[in-house]
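Visitor: First to last, the protein sequences are chains U and P. Mapping of the first sequence onto this note's numbering: position 9 corresponds to residue 9, and the numbering continues sequentially without gaps. In this note's numbering, each residue's number is its place in the second sequence (first place is 1) plus 1000.
The set of hints was computed from the structure by calculation and includes no laboratory data. Incorrect hints may appear among the rest.
Quick look at which bits of chain P chain U covers, simulated, 3 or more residues with Cβ under 8 Å [unchecked claim]: (1) 1030–1043; (2) 1095–1108; (3) 1243–1249; (4) 1260–1269; (5) 1279–1287.
Far from chain P by the CB rule (all over 10 Å, computed), these chain U residues [claimed, not checked]: (6) ALA56; (7) PRO91; (8) THR151; (9) ALA156.
Sample of chain P residues at the chain U side, in silico, Cβ under 8 Å [as the list claims (entries may be wrong)]: (10) ALA1217; (11) ASP1223; (12) ARG1226; (13) ILE1227; (14) GLU1273.
All values derive from a computational prediction rather than experimental measurement. We treat Cβ as the ideally placed atom computed from N, Cα and C, and that holds for glycine.
There are 2 protein chains.
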Amino acid sequence: MTPRFERMCVAGVGLIGGSLALAARQAGVVSEVIGFGRTARNLEIARERGLIDRIATTPADAVAGADVIVLAAPVGACVGLARSFAPHARPDAVVTDVGSVKGTLVNALEASWPTPGNVVGGHPVAGSEASGADAARADLFRGRACILTPTDTTAADALARVRALWLAVGARVEEMPAAVHDELLARVSHLPHLVAYALVASLDDVRAGGRVALDYAGSGLRDTTRIAASPAELWRDIALANAPALGRALADFRTALDRLDALVTSGDASGLEAALTVARAVRVRLGGTST
Amino acid sequence: MTPRFERMCVAGVGLIGGSLALAARQAGVVSEVIGFGRTARNLEIARERGLIDRIATTPADAVAGADVIVLAAPVGACVGLARSFAPHARPDAVVTDVGSVKGTLVNALEASWPTPGNVVGGHPVAGSEASGADAARADLFRGRACILTPTDTTAADALARVRALWLAVGARVEEMPAAVHDELLARVSHLPHLVAYALVASLDDVRAGGRVALDYAGSGLRDTTRIAASPAELWRDIALANAPALGRALADFRTALDRLDALVTSGDASGLEAALTVARAVRVRLGGTST
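Isolated chain U (complex conformation) (with noise of 0.2 Å):
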């Protein structure tokens, strides 16, 4: 008994708003898409694709009729974009975003939609470096997690669509408190593309004996920091948005480099290889490795 949304508008047709799109109406849970975005050129390929129906240039035109919107756009232009769409939407649309962190967002939000019970916080746990609707694809969210952060002024019915429409595309719903999730992907999202930002930032220009270091990096080193060539400005707004939880999980990640330092420092074999032994065993648990 999946819902069916009349008209969607996607304001920001890149990798997670054009993958949920276009998975959204070939599951058919969607008759028509109205796309929205900075991009002309962006927008135009997400016509092209088939990602969206129609190119929207106000935002009155891009939520005009539409009874479900997305904002998939960084998470520092959300509220504005709210702000823009609220005096032209519909009283009944549903707002839902699709950021990295969610209680500020989804608090502002909130603040600045004339039904806040009808904004519901969402993350689909699906990015990758890629970007722009170049790269969306329709089994982006199939089997992986989203997130869906209710508040205590989330109405029942504006949750249980936003939650159908990510079942019809395949991920697996899961609800929690927006702190919890804003703790957890610090440590297993936002964390990571810090420290992967830095590493390749670290090795910019460096050479030994005229040779420039990055011409002998690895798969390893390509791995470690594939995710540093995700788009900065993304990143630059999930950062501050996330700032504290992000700046506990880095003191942590300090700590584990700190120990790791001082064992190799001070020359400790078993200590070392102890720690290091201990820190295997947690990356193999966690799958996709080749071990």
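Given chain U, put chain P in place with the hints provided.
Guide: Chain P alone, transformed into the frame defined by chain U:
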């Protein structure tokens, strides 16, 4: 005019040693390969898979008649192996290794070998987190760099023979001083490994709201920490043998991380975006992403 080796001893028939044995056999540059190592089961796999012709159970048996001896054990074990082989080896045998650290290791190998001119330090830059004879593949070195680090002591003939061996298995061979190798590899390999181990170590058993953080890991964290599934003993040895260069790489990484952290903490959106944009450009130049 590839020199043909009569008999190759491979001490440590893992990913690298096993792949070299297999590739050298397939390339027809070696007539017979003798495997030597600590783990009987691994050696049996190597024989069953056709990586080696025969298993040696004593150092004397391992190197008897061998004209090339490949030390493919963890860095910390190589000098002990060389010492155990020396009394039994042919005087004209070439001794080479595949260690990820060269300076201290090559010096120690030269000091432990009766004909130090026959010692040629080597490092095929082609690892992965996989290990053991199971993981060996004939194409592992194809198109990959193999760095040789001859010293003033190295005999030209020995160097030429080792160079020919790596060329025969498809590697791009490059020579440089051991100190330069160690500085470069500290940056692009040893540092990322330590960072990856620290990252997973810092996530072990982290929970929020009763949920296990690692249950929410996506492909980003998996990529970033894949190399932390590498054998602990290998990386213990490498980190300890290259501690000074690794320390310099770590210092630069900490500086880069502190800078990003300061931008996040101070809420400097434009400064953070600029720093992430620079880092992203470095990563994109490195290649191997879907961006």
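Visitor: Now, for every hint given, state plainly whether the structure supports it.
Guide: Tested hints:
A stretch counts as covered by a chain when three or more of its residues have a beta carbon under 8 Å from one of that chain; for the region 1030–1043 of chain P and chain U the count is 0, and the coverage is violated. Note: the region 1095–1108 of chain P has 0 residues with beta-carbon separation from chain U under 8 Å; the three-residue rule is not met and the coverage is violated. Note: the region 1243–1249 of chain P has 4 residues with beta-carbon separation from chain U under 8 Å; the three-residue rule is met and the coverage holds. Closer than 8 Å: that is the beta-carbon criterion, and the region 1260–1269 of chain P has 6 residues meeting it against chain U, so the requirement of 3 holds.
Check on the region 1279–1287 of chain P: 8 of its residues sit with their Cβ under 8 Å from a Cβ of chain U, so the three-residue criterion for coverage holds. A cut-off of 10 Å between C-beta atoms confirms that U/ALA56 is not in contact with chain P; the least separation is 27 Å. U/PRO91, annotated as away from the interface, keeps every beta carbon of chain P farther than 10 Å; the closest lies near 33 Å. Interface exclusion of U/THR151 from chain P stands, the closest Cβ pair being 15 Å apart, more than 10 Å.
Taking the minimum C-beta to C-beta distance to chain P, about 21 Å, the non-interface status of U/ALA156 holds against the 10 Å cut. Given hint, P/ALA1217 at the interface with chain U, holds; its Cβ is 5 Å from that chain's nearest Cβ, closer than 8 Å. Annotation: P/ASP1223 was flagged as interfacial toward chain U, and the flag holds, the nearest CB pair being 5 Å apart, inside 8 Å. Restraint check, P/ARG1226 versus chain U: the minimum CB separation of about 5 Å is within 8 Å; hint holds.
Given hint, P/ILE1227 at the interface with chain U, holds; its Cβ is 4 Å from that chain's nearest Cβ, closer than 8 Å. Because the closest C-beta pair between P/GLU1273 and chain U is about 4 Å apart, less than 8 Å, the hint holds.
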